[in-house]
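There are 2 protein chains.
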Amino acid sequence: MVLPFDIMEYQKRLDNTKKRMEEEGIEILCVTNPSNMNYLTGYDAWSFYVHQMLIVIIDEPQPIWIGRTMDANGAKATTWIYDDNIIAYPDYYVHSDIYHPMDFIGEILREIGQGNRRMGVEMEQFYFTAKSFQRLQRALPDAFFMDASNLVNYVRLIKSDQEIEYMRRAGIIVDQAMARTIDYIQPGVRENDAAAHLYYNLISGTPEYGGDYPSIVPMMPTGDHTSMPHLTWTEQTFQENSPVVIETAGCYKRYHVPMARTISLGQPGERMQYVASVVQEGIQNTLQAIRPGATCSDLEEAWRNSIKRYGFEKESRLGYSTGLSYPPDWGEHTASIRSDDHTVLQPNMTFHMIPALWFENDGIEISTTFRVTETGYELFTSYPLELIVKDNIGYSSNPISS
Amino acid sequence: MVLPFDIMEYQKRLDNTKKRMEEEGIEILCVTNPSNMNYLTGYDAWSFYVHQMLIVIIDEPQPIWIGRTMDANGAKATTWIYDDNIIAYPDYYVHSDIYHPMDFIGEILREIGQGNRRMGVEMEQFYFTAKSFQRLQRALPDAFFMDASNLVNYVRLIKSDQEIEYMRRAGIIVDQAMARTIDYIQPGVRENDAAAHLYYNLISGTPEYGGDYPSIVPMMPTGDHTSMPHLTWTEQTFQENSPVVIETAGCYKRYHVPMARTISLGQPGERMQYVASVVQEGIQNTLQAIRPGATCSDLEEAWRNSIKRYGFEKESRLGYSTGLSYPPDWGEHTASIRSDDHTVLQPNMTFHMIPALWFENDGIEISTTFRVTETGYELFTSYPLELIVKDNIGYSSNPISS
Numbered sequence: 001m002v003l004p005f006d007i008m009e010y011q012k013r014l015d016n017t018k019k020r021m022e023e024e025g026i027e028i029l030c031v032t033n034p035s036n037m038n039y040l041t042g043y044d045a046w047s048f049y050v051h052q053m054l055i056v057i058i059d060e061p062q063p064i065w066i067g068r069t070m071d072a073n074g075a076k077a078t079t080w081i082y083d084d085n086i087i088a089y090p091d092y093y094v095h096s097d098i099y100h101p102m103d104f105i106g107e108i109l110r111e112i113g114q115g116n117r118r119m120g121v122e123m124e125q126f127y128f129t130a131k132s133f134q135r136l137q138r139a140l141p142d143a144f145f146m147d148a149s150n151l152v153n154y155v156r157l158i159k160s161d162q163e164i165e166y167m168r169r170a171g172i173i174v175d176q177a178m179a180r181t182i183d184y185i186q187p188g189v190r191e192n193d194a195a196a197h198l199y200y201n202l203i204s205g206t207p208e209y210g211g212d213y214p215s216i217v218p219m220m221p222t223g224d225h226t227s228m229p230h231l232t233w234t235e236q237t238f239q240e241n242s243p244v245v246i247e248t249a250g251c252y253k254r255y256h257v258p259m260a261r262t263i264s265l266g267q268p269g270e271r272m273q274y275v276a277s278v279v280q281e282g283i284q285n286t287l288q289a290i291r292p293g294a295t296c297s298d299l300e301e302a303w304r305n306s307i308k309r310y311g312f313e314k315e316s317r318l319g320y321s322t323g324l325s326y327p328p329d330w331g332e333h334t335a336s337i338r339s340d341d342h343t344v345l346q347p348n349m350t351f352h353m354i355p356a357l358w359f360e361n362d363g364i365e366i367s368t369t370f371r372v373t374e375t376g377y378e379l380f381t382s383y384p385l386e387l388i389v390k391d392n393i394g395y396s397s398n399p400i401s402s
Numbered sequence: 001m002v003l004p005f006d007i008m009e010y011q012k013r014l015d016n017t018k019k020r021m022e023e024e025g026i027e028i029l030c031v032t033n034p035s036n037m038n039y040l041t042g043y044d045a046w047s048f049y050v051h052q053m054l055i056v057i058i059d060e061p062q063p064i065w066i067g068r069t070m071d072a073n074g075a076k077a078t079t080w081i082y083d084d085n086i087i088a089y090p091d092y093y094v095h096s097d098i099y100h101p102m103d104f105i106g107e108i109l110r111e112i113g114q115g116n117r118r119m120g121v122e123m124e125q126f127y128f129t130a131k132s133f134q135r136l137q138r139a140l141p142d143a144f145f146m147d148a149s150n151l152v153n154y155v156r157l158i159k160s161d162q163e164i165e166y167m168r169r170a171g172i173i174v175d176q177a178m179a180r181t182i183d184y185i186q187p188g189v190r191e192n193d194a195a196a197h198l199y200y201n202l203i204s205g206t207p208e209y210g211g212d213y214p215s216i217v218p219m220m221p222t223g224d225h226t227s228m229p230h231l232t233w234t235e236q237t238f239q240e241n242s243p244v245v246i247e248t249a250g251c252y253k254r255y256h257v258p259m260a261r262t263i264s265l266g267q268p269g270e271r272m273q274y275v276a277s278v279v280q281e282g283i284q285n286t287l288q289a290i291r292p293g294a295t296c297s298d299l300e301e302a303w304r305n306s307i308k309r310y311g312f313e314k315e316s317r318l319g320y321s322t323g324l325s326y327p328p329d330w331g332e333h334t335a336s337i338r339s340d341d342h343t344v345l346q347p348n349m350t351f352h353m354i355p356a357l358w359f360e361n362d363g364i365e366i367s368t369t370f371r372v373t374e375t376g377y378e379l380f381t382s383y384p385l386e387l388i389v390k391d392n393i394g395y396s397s398n399p400i401s402s
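Sequences listed follow chains A and B, in order. 47 is the number that UniProt numbering gives to position 47 of the first sequence; each next residue is one higher, with no gaps. 232 is the number that UniProt numbering gives to position 232 of the second sequence; each next residue is one higher, with no gaps.
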């Protein structure tokens, strides 16, 4: 078995998790977020559509993985934990109106004498349902439950050098995939064919680095729909004199580098050029504010002040911490770049900055993913941070900015 | 706006949902499952990584969509419901430790005088977290909550002719994508490059039908890992004399046709040929048992008896209802083909039958998706239901079966 990280790195992640558990008075952490399960053990499979859990016991050296029988071999193959700590529940627990995997998990915890402890559960996590919590409480009447929703997520906030290296590879992959997809897009081409090209390049990757699947599929609104950032592609063809937004991410060993660009098919109107130039200037001003010691709110302020000069404002947050992820999101649900988030930037924090402006009938997205360095920032991609204009004779960046 | 279904079809779905609500004494249904939201309204966007809800009030003609501000335009564009019934919450509710979208939703329900009714919530549904339920209860102290986890899912069980037509298109897409991917795979090719080819073909679709994204990414275990059905691809190359399992689905307008095949690179060993022939015979015997009036357990029994003759048994269920879906699953969480499921088959029910056998060091998967017809079954794909043997001079089906 080849793990993506040295076993010492997993051990350190587990130690850091236990430190936080101790601070919060949690004796047993019930990890259900697939990204957190992967972070602590290496576990990597598309098995999170059934219930599974990684149990971290504060005074036990190794966590326990509990999942479906057909997934136990995969847990043995992709994690560093002992085979004895891989426990499987029978298939009749799957999608049943009678049985629930949390009954089984509770029973295991009672059997090993851990049924009466202080349990942290990820209350705000998609793969821990409302019913999961009810059934786990019922199965463990002597336990005391606490919310530990983002406990491991916060351990993930500052990346190791190896994690950064994986993100650099994801950056190389998405840079190339975006460039090739923009090359391919033209009026008359079907949107789904462009999405197919994008996917091909994201997964094929480079001769050195094979791509992993991004946690969000390519989003590709066009025309009026550029005001609707989370629409995917259709079977329709691209139209002349129409904008296209592509938001996607490169992914390498589950590490993401998201990236968005707006393409104008044909010369953009004056308004679009103007909005794009405001966004482009805002990006540069925000990037200049990045350094260790600055806060997320400082970055948001740099952006807000930059676009305010032109009469614009953005209601939604400017960005969020990103990195390791499983569907449905590549955000880490910890630090957000917004006015009330005073997280202090530290080297090897990584953010997707999405300085998009959406209006009633259109929108502009030009996003980038950066790492905080000792002195400033490193971008994971090199594709120009500009509106891309593509007409019959080729393409160029926003004429206003050049 | 072009909806994938006639507005009368959405109306009928809503009526059927209200009928079930009435039977169960539910006055307000809080729909958070993205597939159910789409089924009732057409709503289609990758926005389910933040909280959103469709509220069906039994004595109101139209449901209410509540979601994030940046997604409201998408809801207006992709659904048949009135713009006035699209309500947006501000961005500070997103991934916040303080604010929760369910606070907002509760407030809206109180404001419109619906705060004290009998509410059905999807307790066992990934996009309704344990915290969502806590916060909704807190926001609506006068409401009475009931579990309505699969209420809409069961309305989805029998497909309309238009839904079946979309599944036929998904079947054409996956048939072709599977064939081309198997053509492409050979020793020395990287797994991720094969996944890239598969993705390209699934999304590009055919000249007539553009592919949508499947709710599960391609799974592609090889060698020993064929005992681990939910592993995805790696950067490694395919090896000679080694099996490869591909499980994927064609998707058209969110309708899925899943399909799995096992490929032997080089002539398979005797054991693999033997197991494959047992599975192939089991498939045919199970298919013969499909007809309206038979039960899910009847199909499982046909399969079980067929493989028992050769000393095999399968611990996991034989299949499940499939069709409309969003990640992380293409199963509908209603009828399962297993011994304790006595669902009576009716025309236009659709199932993914996955008669896979997994052992300690290998596994065989040959799956198909079928519709129950008036007299028997219709398969959505035509690729042979056999072990595919690929050697240097070309490929063929399992020699034992032919």
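For the record, the hints were derived by calculation from the structure and aren't laboratory data. Bear in mind that the values here come from a model prediction, so they are computed numbers and not experimental data. Just to be clear, a hint being listed does not mean it is correct.
[Claimed, not checked] Residues of chain A clear of chain B, computed beta-carbon distances all greater than 12 Å:
(1) Ala-179
(2) Arg-190
(3) Lys-253
(4) Glu-301
[Unchecked claim] Computed from the model, here is a short list of chain A residues facing chain B with C-beta under 7 Å:
(5) Tyr-49
(6) Gly-74
(7) His-95
(8) Glu-124
(9) Ala-195
(10) Ile-216
(11) Val-217
(12) Glu-235
(13) Gly-311
(14) Glu-315
(15) Pro-328
(16) Thr-375
Where is the CB? At the ideal position from N, CA and C, for every residue including glycine.
**OP:** Classify the hint on A:Tyr-49 as holds or violated, based on whether any CB of chain B lies nearer than 7 Å to its CB.
**Re:** Interface hint status for A:Tyr-49: holds (4 Å vs cutoff 7 Å).
Original post:
Given A:Ala-195 as an interface hint, is the shortest Cβ-Cβ distance to chain B below 7 Å?
Top reply: holds, 5 Å
Original post:
At a threshold of 7 Å, is the proposed contact between A:Glu-315 and chain B supported by beta-carbon distances?
Top reply: Because about 5 Å separates A:Glu-315 from the closest Cβ in chain B, which is inside the 7 Å limit, the hint holds.
Original post:
Would the hint on A:Ile-216 stand, with a C-beta cut-off of 7 Å toward chain B?
Top reply: holds, 6 Å
**OP:** Mind checking the CB of A:Pro-328 against every CB in chain B and telling me if the closest is under 7 Å?
**Re:** With a closest approach of 4 Å, the A:Pro-328 hint holds.
**OP:** Test the statement that A:Arg-190 is away from the interface with chain B: the closest C-beta pair must be farther apart than 12 Å.
**Re:** A:Arg-190 is in fact no farther than 12 Å from some Cβ atom of chain B, at 6 Å.
**OP:** With chain B as the partner, please determine if A:Val-217 meets the hint condition of a C-beta pair closer than 7 Å.
**Re:** With Cβ-Cβ at 5 Å, under 7 Å, it holds.
Original post:
Taking the closest Cβ pair, is A:Glu-124 under 7 Å from chain B?
Top reply: holds, 4 Å
Subject >> Restraint outcome when A:Gly-311 is required to lie within 7 Å of chain B by C-beta distance >> reply: violated, 19 Å
Original post:
Going by Cβ atoms only, is A:Glu-235 closer than 7 Å to chain B?
Top reply: With a minimum Cβ separation of about 3 Å from chain B (threshold 7 Å), the hint on A:Glu-235 holds.
**OP:** Tell me if A:Thr-375 is really an interface residue toward chain B, meaning its C-beta lies closer than 7 Å to one of theirs.
**Re:** violated, 29 Å
**OP:** Hey, is A:Ala-179 genuinely clear of chain B, shortest beta carbon separation above 12 Å?
**Re:** holds, 16 Å
Hints 2, 3, 13 and 16 from the list above are not met by this structure, while the remaining hints are.
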